[in-house]
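Visitor: Chain order of the listed sequences is A and B. Numbered per numbering that gives the first Met the number 0, the first sequence finishes at 401, counting up by one with no gaps. Numbered per numbering that gives the first Met the number 0, the second sequence finishes at 291, counting up by one with no gaps.
Calculated from the structure, these hints are not laboratory results. Ideal Cβ placement from N, Cα and C applies to all residues, glycine included. Treat each hint with caution, since some may be false.
If the Cβ cut is set under 10 Å, some of the chain B residues that face chain A in the computed set are [unchecked claim]: (1) Ile20; (2) Thr98; (3) Ser101; (4) Ser128; (5) Thr133; (6) Phe136; (7) Gly173; (8) Ala176; (9) Ile201; (10) Ala259.
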Amino acid sequence: MIKFFKSTFEKIIEGTLFLSSTITTLAIVLIIVFLFREGIGTFNQSPIEEGFSLVVNKNNPINELSAQQIKNIFDQNITNWKTVGGNKDSIILFNLDNISNFYSDSAIGENFEFLPQCISDYTEKHSGVVAFVSTRYTGKGFTGKILTTPKVTITQFISQKEWFPTAQPAAQLGVLALILGTLWVSFGAIVIALPLGLATSIYMAEVANPKVRNFLKPLVELLAGIPSVVYGFFGLVIIVPGIQKLFDLPVGETALAGSIVLGIMALPTIITISEDALRTTPKAMKEASLALGANKWQTTARVVIPYSSSGITAAAILGIGRAIGETMAVLMVTGNAAVIPHSFLEPVRTIPATIAAELGEAPQGGLHYKALFALGCILFIITMAINLIVGYVSSKKKYNTR
Amino acid sequence: MIISKKVIRNKNLKEKIAFNIFRVFSAIVVLSLVAILSFIIYNGISVINWTFLTAMPEDGMTKGGIFPAIVGTLCLVAGSMIFAIPIGVFSGIYINEYTKDSFYKRFIKLMTNNLAGIPSIVFGLFGMSLFVNTLRFGDSIIAGSLTLGLMVLPVVIRTTEEALKSVDNSFRHGSLALGATKLQTIRKVVLPMAFPNIITGIILSVGRVSGETAPILFTVAAYFLPKLPSSIFDQVMALPYHLYVISTSGTNIEESRPIAYGTALVLIGFVLIVNLAANALRKYFGKKVKMN
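Hey, can you work out the whole structure from these sequences and the hints?
Guide: Structure, rendered in structure tokens:
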């Protein structure tokens, strides 16, 4: 009897342990479901805010305008319908902000009761007009033509350069600048961190005596433990003004500042992983090299480093991964201008920083909110790809050495 | 003979140059750490006093203390650990003690690695979508703790697994040979021996949780909330978010600089203590285990 209870108890415990072990898988599945459910919603919506529409004269041959064309029209970069494929007719902008230019208060009515009529009349009289109005005013008796806007597509989302998710009348959702900004800053970070990190790991694994190594190891761990906001704060107070003075720039918040901060932050990852890799070199191989008359540097350069090259590659890739996903430090030092970077001395904006800066202000369930989740999806896909590459690189090493 | 001497001199010169470059680069790494630490400590130490640690923020966060932020961070650490420690340790035990080198083991390890690689801001998005909006916890300690707990789970799992792996198999065999069941072996033999390393891992994950900002941005952190939380469904201030707010978007950035230095020092101090504690524990228990 007791034996029966005991074995049942053991089974229950084993079951609990098994359930616990499934949680990481469950978490990843949940993350994918929730991230992509919200993110994919971006691609079923019109970039024009719900409850509003664009209307034109009913004789205007244009039926559809893209988000970019709408922005150019309302920014008055396009002033003639011919540019967007219509008749030769200049564009007249009409929206509720400047309605007093067209109609007096009394014509509109005290409670805007005549407003629908005004809009209708105006669009009928002027052939070149384009009006951005609430759909409340374009219901029954409206004589103009309501334009349709193509829904946001994935190709557009990825290939367009302009990111103005709150722009009126049409949100501009192009993440190319953000993706390039992220890669640009991370590239800079790895250029700084890789030589420093590799040199330090080689020094720790091959050159330094054990005492120095035991002193360096906890320091590197500490470097990994410092919170990212503290790095960001340090960057903001020291590195940003330093860069501004050094290069005589109007603002110090640049890609370079982000790269330096991220470079320091990626150091512990690179140092620990590549040092571990360097240490896996069999002693026999090193001693064989030394016995052949090679000195320590020749052994390091021609035996140890080639032997551990896959580990070093993994370290570099993981360092890049850390830099790509880092949020707070980048948000604080890069200036957050959503433009395609041309040099390291310009402000840039990265994907994580965009999410962190804008999600608080985006109304839940709106297009902007969903677009930020779509950005999260892109980030998730990039980091997953990095993990898989690292897994592949490390598995390749096993294959080679056996 | 002359040529070979030249060759030897040449290669030794190369060695000297290369090793000195490594030395200089390592020094740069150490110096950057020293620079950050000394900068924060130098500027922050004059701000820290008892009032700063125990008073509410005042005057648009330009004066007063950071007490609610400290309490908030402690709440988040506690909450996330309540979630992450049991599940993480159980999971580690299952992976190391129960699974053989099977497909399932490799799969779980892959998933754990992938979870560890996901950026913190993505955890923030996920936590907001699942805990705050779908489960309707709102911005609350529980939503933030679960998000943070999920984020450090891989750390706890990995360190538990490593700790268990370092226990020699002969102990397991000895216990099993004496007639103990698998569970008894794990409880009475394996876990006590692996305990110090598991604790070290947990302490390090406490350090990680206390400094994370991105996951709590949209799940719990309050911009300014000069009162203490009364339930797990309350919002709290948190040290890292507080530092972010007062150094970038506070009401008066210049005037709140001292507070920012102080907050940064408290954060770093916390991380330093956590790291030192982990190291000390490792050493202490390391000796004890050897003596036995």
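Visitor: Hints the structure violates: just list their numbers, smallest first.
Guide: Hints 3, 6, 7, 8 and 9 contradicted; others consistent.
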